[in-house]
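Asks: What follows is each chain in one-letter form.
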Amino acid sequence: MEKSKNQPIFSVSDFIAVVNQTFEYAYPNIEIEGEVASFKVNQGKFIFFDIKDKGGSVGCFMTVWQLRVPIEDGMKVIVSAVPKLTQWGKFSLTVKAVRPSGEGALKKSFELLKAKLYAEGLFAPERKRQLPAAPSHIAVISSMQSAGYADFIKILGDRWGGMRVDVAHVQVQGSSAPDQIIRAIDYFNQQEALPEVIVIIRGGGSADDLAAFNDELLVRSVAGSRVPTLVGVGHETDESLADLAADVRAATPSNAAQILVPDKEEIIRAIHVQVSSLLPRMLQLISQYQQTINLQLISTLKVIESSIDDQQLRLSGLKSILAQLSPNMVLARGYALVRGVVKAGLTIEIETNKAIIKAEVKNVINK
Amino acid sequence: MSSINKSIQKKTAELTELIAWFDGEEFTLEAALDKFKEAEKLAADIEKDLSSLKNEIQIVKQKFDSET
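Respectively, the protein sequence lines represent chains A and B. Per the working numbering, the very first residue in the first sequence carries number -4; after that it's consecutive. Per the working numbering, the very first residue in the second sequence carries number 603; after that it's consecutive.
Hints may contain errors.
[Stated by the list, open to error] No more than 25 Å apart at the CA atoms, straight line, and that leaves these computed lysine-lysine pairs for DSS-like:
no.	chain 1	residue 1	chain 2	residue 2
1	A	71	A	47
2	A	47	A	35
3	B	656	A	149
4	B	639	B	612
5	A	314	A	349
6	B	665	A	91
7	A	71	A	111
8	B	637	B	612
9	A	149	B	650
10	B	663	A	149
11	B	639	B	613
[Unchecked claim] Pulled from the structure, derived: some chain A residues nowhere near chain B, Cβ distances all over 10 Å:
no.	residue
12	1
13	11
14	109
15	142
16	291
[Unchecked claim] Chain B side only, calculated, beta carbon under 8 Å to chain A, not exhaustive:
no.	residue
17	621
18	624
19	634
20	641
21	642
22	645
23	648
24	649
25	652
26	655
27	656
28	658
29	659
30	662
31	666
32	667
I should point out that these hints are in silico values taken from the structure, not numbers from a laboratory. Since this is a predicted model, take the numbers as computed values, not measurements. Note that CB positions come from ideal geometry on N, CA and C, so glycine has one too.
Please take these sequences and the hints and turn them into a complete structure.
Replies: So this is what it looks like as structure tokens:
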């Protein structure tokens, strides 16, 4: 650098370097909100677009892999960037990150990425894996200070026990959240003792708060996890792309705990109901046995009664026959019974139906 | 799977088997009372085991705010 009248004279390159140093010092990281215009991708690697408002426009440059959410012309965004003067003297912003700004842009970006990942099959039902019915080792990725995490842990403990719960504390909103969650997913996927499920939870918040869960790399990481994933983000009405990519989606963190483990109180109740139902069943069986025995007794009694009736009938017949054979019946028919020695001059006794007669034998003539 | 969970699963399987016995062909009234007492004890054991279970929460020491 030369000096002229105490003023430095720069070479063009030096001037550009000094300007860039000044920019770096003054604006190490600047965030600018504006509308995207002239968006284009060159060679599949480099992205160029302008960010503008009513009063002006600034050119932006970034690489494809730095773009974590889809953007298009007309979308309102906030860029995190470093101002830079290029070697051709053109001022531009070297963009580190872009995020949609405002509900409309967030929704648009969400829909664009959803359509893209849907077309790739990331949300396909056939990719979904079942969670174990009662896991004994799970991993939780969440902010430990969040209400959603507290709800999840409380309901988990109320419903089930005996589990090892590994917790990775991460940011669940803001620009650093997606990368932290991705690192935690990677961490659990690399463990020697793999958890049976990775649970990613966050309580409710604004669309901007929940935007981290629509980050493309995070969604891909959830879908690519070799450990099955359960994602419960926001309230019931909230839908994130991480939800859609997960093996199982929970409406809320509390719902995630309900999905993950059975309710021990319900199991205890069901067991007692099952055991209690045995007693009436036993009593019913005893009653059935009693009825069978009673029927058998009645049947036996009937057989005995029938036999007695038969015997009585037979006896009655015999009695009748016997009665016919009685000497009185013979006497009644007019015959007489003679007792004594039938010899002339001796007295004999003659018994008729109505009298007993003493008589003397006058004569005996043999037949 | 933790050993307590295993024990609960084993006991639950035993209880299911016992309850099925009451509907099976091997059922006899003479053995029913003993089997019923056995089922009651198993149910009480399972309840005790389930009620005493606590989750073991381990916070991962690794920080995730930057690449390691």
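Asks: Check the structure against each numbered hint from earlier and tell me which ones fail, lowest number first.
Replies: As far as the earlier hints go, not one is violated by this structure.
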